[in-house]
Amino acid sequence: MTFRIDRRGFVAGSLATGTMAGTMALFGPGALRADENKMLRFGLSAYPPSFDMWASTGTAAGTVKLMIHRGLLSYGKDGLLRGELAESWDVDENGVWTFKLRDARFHDGKPVTAADVKYTIEQVAAPDSTAFRRSQMALITKIETPDDKTVRLTTAEPIATVPHWFANFNMAILQEGADKTSTVGAGPFKFDSTERGVKVVVTRNDDYYKPGLPKVAGIEVIVYSDENLRVAALEAGDVDIIEYVPWAAMSRVEEDPNLKLDTVPGPFMYLTFNGSRKPFDNPLVRKAVGHAIKREDVVEAAFYGRGAPLHHLPLDPSSPFYNEDLAMGWDFDPEKAKALLAEAGHGDGFDCTMLSTAQYGMHQSTAEVSQAYLSMIGINVTLDLPDWSTRVQKGNEGQYDIAVMGTAAESNDPDGMTNVLDGSQKASFVRSFDISIPAINEALAKGRQSFDPAERKKIYHGMESTVIDQSPMVFLCSRAQGYGTAANVSGFKNLPGQLTFQSGVTLEDAMFG
Amino acid sequence: MLRYIAFRVLIALVLVWLVSTLVFLVLHLVPGDPAELLLASGNTAPDPEAVAALREQMGLNRPIYEQYLTFLWDLLHLDFGTSLRDGASIGPELALRLPRTLELIVAASIIAALIGVPLGTLAAMRAGGIADKITSASASLALSTPVFVVGTAAILVFAQWLGWVSAGGYVPFAEDPVRHIKLLLMPACTIALGLSAVLMRMTRASVLEVLERDYVRTARAKGVSRRRIIWRHVVRTALVPVVTILGLEMGTLIGSTVLIEYVFNWPGISGYLVRAVEARDYPEVVGIVLIISFIFVFLNLLVDITYALLDPRVKLAK
Chain A
1 MTFRIDRRGF VAGSLATGTM AGTMALFGPG ALRADENKML RFGLSAYPPS
51 FDMWASTGTA AGTVKLMIHR GLLSYGKDGL LRGELAESWD VDENGVWTFK
101 LRDARFHDGK PVTAADVKYT IEQVAAPDST AFRRSQMALI TKIETPDDKT
151 VRLTTAEPIA TVPHWFANFN MAILQEGADK TSTVGAGPFK FDSTERGVKV
201 VVTRNDDYYK PGLPKVAGIE VIVYSDENLR VAALEAGDVD IIEYVPWAAM
251 SRVEEDPNLK LDTVPGPFMY LTFNGSRKPF DNPLVRKAVG HAIKREDVVE
301 AAFYGRGAPL HHLPLDPSSP FYNEDLAMGW DFDPEKAKAL LAEAGHGDGF
351 DCTMLSTAQY GMHQSTAEVS QAYLSMIGIN VTLDLPDWST RVQKGNEGQY
401 DIAVMGTAAE SNDPDGMTNV LDGSQKASFV RSFDISIPAI NEALAKGRQS
451 FDPAERKKIY HGMESTVIDQ SPMVFLCSRA QGYGTAANVS GFKNLPGQLT
501 FQSGVTLEDA MFG
Chain B
1001 MLRYIAFRVL IALVLVWLVS TLVFLVLHLV PGDPAELLLA SGNTAPDPEA
1051 VAALREQMGL NRPIYEQYLT FLWDLLHLDF GTSLRDGASI GPELALRLPR
1101 TLELIVAASI IAALIGVPLG TLAAMRAGGI ADKITSASAS LALSTPVFVV
1151 GTAAILVFAQ WLGWVSAGGY VPFAEDPVRH IKLLLMPACT IALGLSAVLM
1201 RMTRASVLEV LERDYVRTAR AKGVSRRRII WRHVVRTALV PVVTILGLEM
1251 GTLIGSTVLI EYVFNWPGIS GYLVRAVEAR DYPEVVGIVL IISFIFVFLN
1301 LLVDITYALL DPRVKLAK
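Chains A and B supply the protein sequences, listed in that same order. Under my numbering, read the first sequence as residues 1 to 513, first letter to last. Under my numbering, read the second sequence as residues 1001 to 1318, first letter to last.
Just chain A, same shape as in the assembly:
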């Protein structure tokens, strides 16, 4: 018995399928595009995990902070310190810093005064503070406010890097008495609304202290967690700027006539070691690792060639602290690596584990390339690739032999690498575990206290050669960090080097055309 379904019956049954296709076809090209208005649309990689303005809650949150708030200083497009709420700053012979405030107003119309700066510093240094700058602000022993527009800061020891403390986006000046989550700032944009996890909307602050800025009506910040969708959104014209352009898509963005790619070499990848157990408690073994890995292959595999090999400290050749003679400190030389291993008594090699994460492709690829090269000098690496959160915890607790890490320094000054280099601090996943080289820690302290550029250059030269010699960690490569914009967006700029994550400060200049 065969049944035949007649045409009418089948057509009726699958009518929905046809309707669906028809409806899709009816929506003509561009019908979904937002109306052309002057709101800039920014595709962010994550929703700010919290609005605690002083806590370090990541780049995405930092970009939003830079729309709403301003600190005393910031970094300009040239990467140099520039005044924001402070119009000038100076230090006297005793190391007392004086900041002169300009006539700036908070979004509610109240002027920014010395009392607000004092309040901010005190809050950040408070015992229950969760602020990023907590330990630095705690070094300030006296805050004087001789008048409304002057703040004088005294530290126990003279410190040369104080201005950098106040240029970070986690050091926004909030109004006296304000909660740390306050969105009433003195920045170029006023907080308008937010939908948690989805978007943040800010509008132009017409009373911003820089005349003529900002040049757009506001910014609609839309969160795109998926990097591919973020690029797709830029390509489709749904957003005007995106951060964290994935390396795989950089060429595509670059070649698209409707888009622009703005990359800087800055953030870097490196290997950390567990110094609390054999064999990486031995500097010779660590140095062997430094000579064993061909950096070019890491750049190729993890970053599609968008990066540069790093055989020394992550200091750009353009930096005044760059040391030509140490540039190839950890040159790729498997024979030297083997000799170092033999000298350390590990001529036959050994087994160890390498901690990385499967959550981020660049971390995993870096681990895989390193694993391959280490096997060539007899080090058999087993990869441990948990999710990022677990990886952080394991790093903090030293549950690894070698680990892959990537970060950016706080600034382009060598002092900005303290976080990574100073092993005297409490254990952290960004540093090697239980490896503290006194010469390095002392050099960092001395460099902070010296006001003489020539002397600082000498101190950091000595430090870099100790780093290469003792290899408390081994640097692998710098990676290009990229923003993508529509071709008609100008003014926004990726800040040079380690400052790339602070680029949100230039949104005040962003404009169409």
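No lab work stands behind these hints, which were simulated from the structure alone. Accuracy of the hints is not assured; some may be wrong.
[What the hints assert, rightly or not] Computed cross-link-like contacts, DSBU-like style, restricted to lysine-lysine with a CA-CA straight-line distance of at most 35 Å:
# : chain 1 : residue 1 : chain 2 : residue 2
1 : A       : Lys199    : B       : Lys1182
2 : A       : Lys100    : A       : Lys338
3 : B       : Lys1222   : A       : Lys215
4 : B       : Lys1133   : A       : Lys260
5 : A       : Lys149    : A       : Lys180
6 : A       : Lys100    : A       : Lys260
Based on these hints, arrange chain B on the given structure of chain A.
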């Protein structure tokens, strides 16, 4: 009847409590400290004192039994607590996001049913024929292609090449109904693709089985028209198991639309769950899992009760 329902409701409530307790405990065993993770989001080493202060503020240094009791007490007051990260109330957040995921699932199910059932019927009618082979092969292909591949391809074609729709996103229906539906269509169709394949196969098998039944032959013999036999007698009967499968699949989809929500930037409950887990935001994770298990358990309960009502052979007594 009432006793049966009361008993099943009780069991369901115990199940939900068990699930939430289990999740609460397991979460605390997973490595990762929410305070440390939050302050290390910039990949910088956080100040240890700042982390200690934050742990205190998050209430994480209280003994775990105390945290658990607080959680239960709040739950009895229908209070899901607040996010560890930014202190946002979790209840309203769930109320906002759950309907979006449900909308996605319902839309996908409707589309899947509208595609799968007619095609399955057609395949059964022409069992062994070309149409059957083509639909079966397509179903295999649809089933074996992961949603993120389909989703990404759909974005490439419809958003980037053709420019018909935005590359993902969400607009509330009240704000812009047309745009809302356009944004809903791509993710819904992507889920529907795999789902329709399941329904198509189920329908095909079921229709084939019903076609062999005596009453169909009797109807034929009585001269009932072909169309009437198929749509009134065969398909209707054959749909019962298909509906059951669809119900089960819908239950599973709540909480497993993660990839779709991720790929299409759909701010539903699955994506919310993933981010909460990544940040080890304990109250958020527990709250989301609780609501998902609640829906799942009570959907099943509803199915059981419906069966009991429909089919007198199902015993109501336990």
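How the hints compare with the structure:
With a CA separation close to 20 Å, the supplied pair lysine 199 of chain A and lysine 1182 of chain B stays within the 35 Å bound. A distance of roughly 58 Å separates the Cα atoms of lysine 100 of chain A and lysine 338 of chain A; the hinted pair therefore is violated under the 35 Å criterion. Pair hint lysine 1222 of chain B plus lysine 215 of chain A does not hold up; C-alpha atoms about 80 Å apart against a cutoff of 35 Å. Taking the CA atoms of lysine 1133 of chain B and lysine 260 of chain A, the gap is about 48 Å. The hint is violated against a cut of 35 Å.
The hinted pair formed by lysine 149 of chain A and lysine 180 of chain A meets the criterion: a straight-line CA distance of about 22 Å does not exceed 35 Å. Note on lysine 100 of chain A and lysine 260 of chain A: the hinted pairing is violated, with a Cα-Cα distance of about 38 Å set against a maximum of 35 Å.
Of the hints listed earlier, those the structure fails to meet are numbers 2, 3, 4, 6, in rising order.
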